[in-house]
Amino acid sequence: MPDAEYPFAFTTHRLHFHYGGGAMTRQSPLLERETPLALLFMHPDDGVALGLNERQAVRVRSRRGRLETRVHLTDDVPPGTLAMPYHFREAPCNQLTNPAQDPISRMPELKACAVAVEPLAPGVTPRTTERHGRR
197 MPDAEYPFAF TTHRLHFHYG GGAMTRQSPL LERETPLALL FMHPDDGVAL GLNERQAVRV
257 RSRRGRLETR VHLTDDVPPG TLAMPYHFRE APCNQLTNPA QDPISRMPEL KACAVAVEPL
317 APGVTPRTTE RHGRR
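Take 197 as the starting number for the sequence shown in our numbering and just add one per residue.
Since the hints were derived computationally from the structure, they do not count as laboratory data. Glycine included, each C-beta is placed from N, C-alpha and C at the ideal position. One or more of the hints may lead you astray.
[Unchecked claim] Derived CB-CB ranges, DEER-like:
1) Asp271 x Pro315: 37 to 43 Å
2) Arg323 x Thr270: 19 to 25 Å
3) Pro295 x Pro240: 29 to 35 Å
4) Glu201 x Pro318: 21 to 27 Å
[Claimed, not checked] Dumping the calculated EDC-like pairs for lysine to aspartate or glutamate here, alpha-carbon to alpha-carbon at most 20 Å:
5) Lys307 x Asp272
6) Lys307 x Glu264
7) Lys307 x Asp199
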């Protein structure tokens, strides 16, 4: 659950353009044209509160890991909720979420957690994923 340290609810989702192919290969020039970068979807009001601009580089942290990406300000998500497509190997957002499994289906949770967001320094390009304790 969100708290003072991790104030946003985070969920993963799929993008229309990368739904199946993006998760597997990302080898389609047309799909890459539509959405070439990993993005964190954030409501514009939350972006204003954090002083973020469209496509600004940010670090996203959860209790389980962290990654760097770019923010996309959109009213497609409600205030207080962040969403990120899982299709991008350079920013695999499932590493932020809970690896717990359903005891019957053994399906991993991989859908929701609490996160914090902080801007990266101006001009900094997001780096690949980081788990706590390693890069």
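Evaluation of the provided hints:
Asp271 and Pro315 have their C-beta atoms about 21 Å apart, which leaves the hinted 37 to 43 Å range violated. Distance hint check: the CB atoms of Arg323 and Thr270 are about 24 Å apart, consistent with the given range 19 to 25 Å. The hint said 29 to 35 Å for the Cβ distance between Pro295 and Pro240, and at roughly 32 Å that hint holds. Distance hint check: the CB atoms of Glu201 and Pro318 are about 25 Å apart, consistent with the given range 21 to 27 Å.
For the given pair, Lys307 sits about 17 Å from Asp272 by alpha-carbon distance, which is consistent with the 20 Å threshold. Pair hint Lys307 plus Glu264 holds up; C-alpha atoms about 18 Å apart against a cutoff of 20 Å. Of the supplied pair hints, the one linking Lys307 and Asp199 holds, its CA atoms being roughly 18 Å apart against a limit of 20 Å.
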